[in-house]
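> Spelled out, the chains give:
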Amino acid sequence: MQATIEFLKLYWAPLLCGVAVVAILPLIAGYIVLVERKLMADMQARLGPMRVGPHGLLQPIADAVKLLIKEDIIPDNADKMVFWLAPVLSVGAALLSLAGLAIGPAFQIAQDINIGILFVVGISAMGIFGIVLGGWASNSHYSLMGALRSSAQLVSYETAAGMALVSALLFTGTLNIKSIVEVQSIEGIWFVMLAPVAFFTYLVASIAETNRAPFDLPEAESELVAGYMTEFSGFRWSLYFLAEYTNMIVVASVATTLFLGGWLRPFASVHGLPGFHLLNFLDLVPTLLLVAIAAYCIVRTPKQPTRVQQMFMLAVAGLCFVVGLVLLAPVVVPIAKPFYAGIHGGFWFILKVSLYIYFFMWLRFTIPRYRFDQLMRLGWHFLIPLSIINVLLVGVALIAGSYFNLHGWGLLLVTTPAAIITLVAALMILAAEKQRDAGHDPNAASDFYAG
Amino acid sequence: MLDKALFYFFAAVAVASAVLMVTRRNVVHGAIFLITALLATAGIFLQLRAEFLFIVQIILYVGGIMVLFVFVIMLVNLDVALQQIQFARQKWVALLVALALAGQVGLMFWSSGKMPGQGLPVLTAAAASSLPPNSETVAHSLFESYLLPFEIASVLLLVAMIGAVVMAKKRM
Chain F
6 MQATIEFLKL
16 YWAPLLCGVA
26 VVAILPLIAG
36 YIVLVERKLM
46 ADMQARLGPM
56 RVGPHGLLQP
66 IADAVKLLIK
76 EDIIPDNADK
86 MVFWLAPVLS
96 VGAALLSLAG
106 LAIGPAFQIA
116 QDINIGILFV
126 VGISAMGIFG
136 IVLGGWASNS
146 HYSLMGALRS
156 SAQLVSYETA
166 AGMALVSALL
176 FTGTLNIKSI
186 VEVQSIEGIW
196 FVMLAPVAFF
206 TYLVASIAET
216 NRAPFDLPEA
226 ESELVAGYMT
236 EFSGFRWSLY
246 FLAEYTNMIV
256 VASVATTLFL
266 GGWLRPFASV
276 HGLPGFHLLN
286 FLDLVPTLLL
296 VAIAAYCIVR
306 TPKQPTRVQQ
316 MFMLAVAGLC
326 FVVGLVLLAP
336 VVVPIAKPFY
346 AGIHGGFWFI
356 LKVSLYIYFF
366 MWLRFTIPRY
376 RFDQLMRLGW
386 HFLIPLSIIN
396 VLLVGVALIA
406 GSYFNLHGWG
416 LLLVTTPAAI
426 ITLVAALMIL
436 AAEKQRDAGH
446 DPNAASDFYA
456 G
Chain Y
2 MLDKALFYFF
12 AAVAVASAVL
22 MVTRRNVVHG
32 AIFLITALLA
42 TAGIFLQLRA
52 EFLFIVQIIL
62 YVGGIMVLFV
72 FVIMLVNLDV
82 ALQQIQFARQ
92 KWVALLVALA
102 LAGQVGLMFW
112 SSGKMPGQGL
122 PVLTAAAASS
132 LPPNSETVAH
142 SLFESYLLPF
152 EIASVLLLVA
162 MIGAVVMAKK
172 RM
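Just so you know, the sequences run in chain order F and Y. Quick note on my numbering: the first sequence kicks off at 6 and runs consecutively. Quick note on my numbering: the second sequence kicks off at 2 and runs consecutively.
These are calculated hints, taken from the structure and not from any lab test. These figures come from a predicted structure and were not determined experimentally. Glycine included, every Cβ here is placed at the ideal spot set by N, Cα and C. Hints are supplied without guarantee of correctness; some may be wrong.
[Said to hold, decoys possible] Computed footprint of chain Y on chain F; a stretch qualifies when at least three of its residues, placed anywhere within it, have a C-beta under 8 Å from a C-beta of chain Y: (1) 150–160; (2) 207–219.
[As the list claims (entries may be wrong)] Below, in silico cross-link-like pairs of lysine-lysine (DSS-like), each with a Cα-Cα straight-line distance of 30 Å or less: (3) F:K439 - Y:K170; (4) Y:K5 - F:K14; (5) F:K85 - F:K75.
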């Protein structure tokens, strides 16, 4: 009996979780797209999708059905096998890397991998083959150009992102994802405070790695139609799309785990300690947030044009209310106390990931697209030197910290000077760049794969 | 049982894709099979509980070197390249070397039972929990036992990197 349970726990539980993730993720990605479209509409003073469901809430499902029944076109001169393989590779790598992520202390598909963060980063980096091979297999110049740009961009920014990860990992001394969050819990400080420069570097590099605007050169529609996706249609195209949005979730989760304290509540280290009871209102924040959303939905209900839409709005309100109650239970009901970390951990993790993705979207509609040589120069001439200097200085700061026996917030005494020196170095790099550019016309810079 | 099945699966995939990589005429297909072979080898590393080597194999070889390979291959016009003189004309030398290698491996297998202390050492499997974490083991042996060779190797790589930059600069 014991052996059977052990066997089920080892092999079937992760399998079932994996199937569940693969089944739910397209829906999540669809709703991220909806939020993105709504946000874009809001920033451009439009309404965005409004037709399907109240406020377009069912739009992702309509889109999915449309993509599924679209004609699947394979160009005559395409390399059929590779054309078939490429989108699968892209989406497979992105979904596989999700397995290593921990959403809460209890939710992790591949439990306690020793190489945790490296697994996530390394596997998700393999998705680039989907892009490169897809661009090559379509046998079209636009696709090939997009694929080349994309691979050049990914390889360049992987270095900067890796260096940023190294500077954060110096604080933890472990690669295990759960231990990384636990170290932040013990130290009582998130690594974004200790390594702000690394966080900034990772932020920029992760935007470039997920091919998002302002670095979405591989899909620059004004130059390359749709880049590597030009020849793909219907379901294959949607696989690429799914991979892109899954990758966004992956980089946001990695940043959350490493820099933003994972599933920890703000001020989690003083949770329940005397003298800090005023901060305990943070336990109620999840419930309050969801109840506020529910109340907003109810207020908006009478304005819906049809009866079905009104019902739908009420259903959304009810769902939010129920989830809010579930989140309230571990705080109020004594029996549910043991589930506090699991339930609230999931909430905080998802909230942080959502805010990170929201920031991506915000940037996309605010900053115009870079030119390809500008992108390459930003990566190689600025971010990579900056991140290398940062690793060096964070290491020095840590040695100084262990010499003075500093912990937690005390570490700020040594890491802040390190960050300031890094910033000075960054300004010097920028000044040197400007001086170099003064010699010749920046627009005549090397037109490397410029389209 | 499961372990054995997984090992034979990975080994079969590695060997088959290595053979396919050499025999394909299309270079990109060859590259894909090389990637498959590297991934299968990574799987075998993982089975040996060398998870750090597994991920390094994937990040460095698959994610780094192979991307650059594919990058270069795609820039070459395949139709033109096929009509040019091929440099792969060392068929007989290759056969000789392969035979010598096969003989060496065969000798090792053959001698493992015959001579004590020679050939393949027979090891018993350790429990997974008794093994130290692989990344720590690698770090300790690199930075404690083999610090000097490690530094020499990194200087060598640095020299190669600078050399590549200098050569590329001259052409520009």
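> Give a verdict on every hint.
Right, here's what the structure says about each hint:
1. Under the rule that three or more residues need a Cβ within less than 8 Å of chain Y, the assignment of the stretch 150–160 of chain F holds, with 6 such residues.
2. Only when three residues or more bring their CB closer than 8 Å to a CB of chain Y does the claim for the stretch 207–219 of chain F stand; here the count is 0, and the claim is violated.
3. Straight-line distance between C-alpha atoms of K439 of chain F and K170 of chain Y comes to about 21 Å, which keeps the hinted pair within the 30 Å bound.
4. In summary, the hint linking K5 of chain Y to K14 of chain F is supported, as the alpha carbons are separated by about 21 Å, within the 30 Å threshold.
5. This hinted pair checks out: K85 of chain F and K75 of chain F have alpha carbons roughly 19 Å apart, not beyond 30 Å.
In terms of the numbered hints stated before, the structure departs from hint 2 and from no other.
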